[in-house]
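Residue numbers (my numbering), protein chains in the order written: chain D, 1 to 228; chain A, 229 to 577; chain V, 578 to 712.
Each hint should be verified, as a subset may be incorrect.
Calculated cross-link-like contacts (lysine-lysine; reagent style BS3-like; alpha-carbon spacing at most 30 Å) [stated by the list, open to error]:
| id | chain 1 | residue 1 | chain 2 | residue 2 |
| --- | --- | --- | --- | --- |
| 1 | A | Lys-275 | A | Lys-470 |
| 2 | A | Lys-275 | D | Lys-109 |
| 3 | A | Lys-473 | A | Lys-273 |
| 4 | A | Lys-470 | D | Lys-101 |
| 5 | D | Lys-109 | A | Lys-473 |
| 6 | D | Lys-148 | D | Lys-49 |
| 7 | A | Lys-273 | D | Lys-109 |
From chain A, some residues computed to sit far from chain D (all C-beta separations above 12 Å) [said to hold, decoys possible]:
| id | residue |
| --- | --- |
| 8 | Arg-481 |
| 9 | Pro-494 |
| 10 | Pro-525 |
Derived by calculation from the structure, the hints in this document are not laboratory data. Virtual Cβ for every residue (Gly too), placed ideally from N, Cα, C.
Listed below are the residues making up each chain.
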Amino acid sequence: MDLLTFARGPGMHWATTVFVIGVLWRLLGILLLRGRKDLSEPRRTAAWKGLRLIGLRSWPRKEFLGGTAFGEIMGYTFHIGFLVALFFYLPHILFFEDIAKGVIGVNFKRVFGFAWPYLPGGAIYFFSAVSLAALVAVLVHRIASPVKRMLSNFDDYFSWFVTIAPIATGMLAYSHYGAPYPTLLGLHLLSVELLMIWFPFGKLMHAFTMFLARGVQGVEFERRGASL
Amino acid sequence: MTTLGDSLLASGVSRRAFLKFCTALTSLMALPPGMAPAVAQALAKAKRPSVIWLSFQECTGCTESLTRSNSPTLENLILDLVSLDYHHTLQAASGFAAEAAREHAMKEFDGKYLLLVDGSIPTSDGGIYGAWGGESFVDILEQSAKGAAAVVAIGSCASFGGLPKANPNPTGARPVSDLVKNKPVINVPGCPPIAVVMTGVLAHYLTFGKIPELDAQGRPLAFYGETIHDRCYRRPFYDQGKFAKTFDDEGARSGWCLYELGCKGPITHNACATVKWNAGTSFPIQSGHGCLGCSEPDFWDKGSFYKALSTAEWGDAKTLGAAAAVGVAAGAAAAYLGRRRQERIEKEN
Amino acid sequence: MNAIDRIGVKVIAAADIPTGNVKPLLFELAGLLEAWLSKGESASIDLRSLPLTRGDYAELEAALGSGAVSASVEAIGASEVRETRYPGVWRVTHRNEAGEVAADLLEVCGLPEILRAPAEDAADGLIRLKEALQP
Chain D
1 MDLLTFARGP GMHWATTVFV IGVLWRLLGI LLLRGRKDLS EPRRTAAWKG
51 LRLIGLRSWP RKEFLGGTAF GEIMGYTFHI GFLVALFFYL PHILFFEDIA
101 KGVIGVNFKR VFGFAWPYLP GGAIYFFSAV SLAALVAVLV HRIASPVKRM
151 LSNFDDYFSW FVTIAPIATG MLAYSHYGAP YPTLLGLHLL SVELLMIWFP
201 FGKLMHAFTM FLARGVQGVE FERRGASL
Chain A
229 MTTLGDSLLA SGVSRRAFLK FCTALTSLMA LPPGMAPAVA QALAKAKRPS
279 VIWLSFQECT GCTESLTRSN SPTLENLILD LVSLDYHHTL QAASGFAAEA
329 AREHAMKEFD GKYLLLVDGS IPTSDGGIYG AWGGESFVDI LEQSAKGAAA
379 VVAIGSCASF GGLPKANPNP TGARPVSDLV KNKPVINVPG CPPIAVVMTG
429 VLAHYLTFGK IPELDAQGRP LAFYGETIHD RCYRRPFYDQ GKFAKTFDDE
479 GARSGWCLYE LGCKGPITHN ACATVKWNAG TSFPIQSGHG CLGCSEPDFW
529 DKGSFYKALS TAEWGDAKTL GAAAAVGVAA GAAAAYLGRR RQERIEKEN
Chain V
578 MNAIDRIGVK VIAAADIPTG NVKPLLFELA GLLEAWLSKG ESASIDLRSL
628 PLTRGDYAEL EAALGSGAVS ASVEAIGASE VRETRYPGVW RVTHRNEAGE
678 VAADLLEVCG LPEILRAPAE DAADGLIRLK EALQP
């Protein structure tokens with residue numbers, strides 16, 4: 001069985017399975033834990049309003065900007081570029097639509113009334129390049145800063161690698177550069193599968209836990225009357 | 229064996245006509261036209277080898293495609309370039325007479341005849357699923373390949389196993405290259421292969437007496453060196469992001485790219501986009517249907533023809549449902565253990 | 578009326594879209610013509626090796642036009658030789674006995690090879706001529 005056939009077949013099958021098992025395991029393992037009992041009297045009753053912390057934490061307070069600006073800007077650059085490339089490139093959209101159709105049974109157009117919009121390949125290539133550059137920048141920053149370097153562990157570096165690999169291989173495949181196209185496409189799919197398998201077990205889970213953590217903290221703060 | 233030059237001269241073909249034929253042959257073999265004099269020189273000295281065609285687990289589509297070849301016409305090819313001593317569909321003889329002709333040719337041209345095979349070879353249960361004259365295909369192939377100069381596996385069935393080999397492969401079908409190990413094997417895949425590709429490959433061997441340059445899958449690079457996508461005339465639409473969404477919608481009628489309709493052009497190596505079919509009339513994408521990938525191994529088992537290349541086989545709702553159940557169970561178990569730890573810590577403090 | 582008759586049919590000849598491949602081809606011809614004039618090197622281009630649509634062929638015909646010479650050759654089928662409006666650039670179309678195109682070439686040379694009388698054929702002809710002259 002050649003590389004591409006494996007990547008499109010059993011590789012993707014197992015990666016999706018591990019991803020679903022892993023994410024549910026991690027999420028439920030957190031959600032089903034008992035919250036800390038707060039025995040004090042709530043200062044504000046509508047504690048749920050604290051959920052707005054999820055949005056408020058999107059940008060640091062100006063007191064902290066000095067140290068965090070680089071990370072924030074590079075972070076947004078990477079995430080926006082990556083998410084545009086992932087969700088607005090037609091072949092990717094077809095992949096997600098196929099899963100949605102298989103699991104839920106309806107297609108996007110029927111649910112939302114309009115087709116999932118997409119950008120031409122060249123635009124996607126540009127966004128991928130930008131996000132790739134941002135990733136390289138943050139790695140350099142991590143290694144150059146003595147504090148960050150000391151704090152970094154395997155999770156940090158490996159998560160970086162499994163994130164940049166799909167972007168790099170995707171760009172190589174799109175430009176048909178370096179190897180025959182079927183090989184490049186196979187490598188791209190395999191790198192995505194690696195990302196999917198690693199995702200639940202490292203810091204990439206922040207994609208889900210970030211909202212949980214901010215939400216919980218916001219509710220706690222709101223209950224206590226602290227400013228958000 | 230007399231040379232081709234001699235036999236053509238004897239049949240009254242002028243040198244001018246011969247040179248014209250060689251020009252056409254050069255074009256057919258996808259060689260640069262400047263090579264026509266070299267082709268003429270080689271062909272004039274070429275011997276007319278015996279060609280034996282074995283049809284195994286096949287649908288006769290390859291023969292059908294070959295008989296639609298126009299330049300050189302199959303009649304030309306048979307009568308002028310080769311001595312086709314055995315072919316089930318095209319020969320006049322049958323039964324013992326035909327088998328006798330085959331054995332005679334194999335003995336007379338031992339070590340020099342060209343063996344063409346179409347169809348895969350069933351190997352399960354002693355090979356009983358394919359036999360003629362009381363002999364299994366496995367044995368016939370083994371005997372016939374022994375004295376052959378080279379073996380050409382015509383079509384995807386002979387090259388890679390094709391349809392008979394598709395899941396669950398009940399007859400144990402295998403390609404020629406799996407069974408013939410000590411002779412050069414040229415794979416000319418396609419379901420069916422393009423007619424002029426078949427005759428071009430044969431012409432190359434007959435003219436130059438050696439097999440053309442092959443890729444990693446044993447396919448002649450001249451015809452299988454590029455993917456359909458590389459030469460597709462709809463490429464500008466692919467690059468601009470203009471895709472047909474369903475068959476016969478506005479995009480499809482404007483000739484937009486068929487990626488979303490399952491075209492496997494990007495991963496399929498063949499000459500369809502340039503050489504095309506029926507004397508350059510058209511090819512599947514030009515007619516509005518995506519490429520099936522028929523010249524690649526195991527193309528029957530690579531998922532739906534109508535699902536895009538990027539929709540990898542992620543499984544199905546049942547498997548994901550089962551995975552979700554496992555995940556929930558694991559999460560609940562982890563949370564349970566976590567809670568016990570929390571309680572223990574609380575009790576201690 | 579059948580449901581199938583209610584489906585509108587619009588014939589789109591996607592094969593007639595010119596791809597823009599003719600311009601580079603003309604540039605190549607210019608280069609080959611220059612090479613022939615300066616170094617005497619003849620060359621030919623196999624049109625069927627290029628991804629050209631029907632629209633491209635029409636564009637090519639219009640661009641090359643026809644010149645002073647046109648000849649037809651009968652040799653296992655008809656072959657047509659036409660000088661284009663650029664002397665030295667010839668369009669040679671070989672057909673087989675069934676009338677199908679066997680080869681379609683652009684030749685840059687003094688005279689396409691198919692028009693020259695080969696020595697072997699002339700030698701054959703001489704034998705026949707001498708036989709005819711015998712009393």
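Hint check:
1. A:Lys-275 to A:Lys-470: violated (52 Å)
2. A:Lys-275 to D:Lys-109: violated (64 Å)
3. A:Lys-473 to A:Lys-273: Violated: Lys-473 of chain A and Lys-273 of chain A sit about 55 Å apart, past 30 Å.
4. A:Lys-470 to D:Lys-101: holds (23 Å)
5. D:Lys-109 to A:Lys-473: The given pair, whose Cα atoms are some 12 Å apart, holds under the 30 Å limit.
6. D:Lys-148 to D:Lys-49: Violated, at roughly 34 Å.
7. A:Lys-273 to D:Lys-109: At roughly 66 Å apart (the allowed maximum being 30 Å), Lys-109 of chain D and Lys-273 of chain A break the hint.
8. Arg-481: holds (18 Å)
9. Pro-494: Violated, since 6 Å does not exceed 12 Å.
10. Pro-525: It is violated; Pro-525 of chain A is separated from chain D by about 7 Å at its closest Cβ, not greater than 12 Å.
Taken one by one, the earlier hints fail for this structure at numbers 1, 2, 3, 6, 7, 9 and 10, listed in ascending order.
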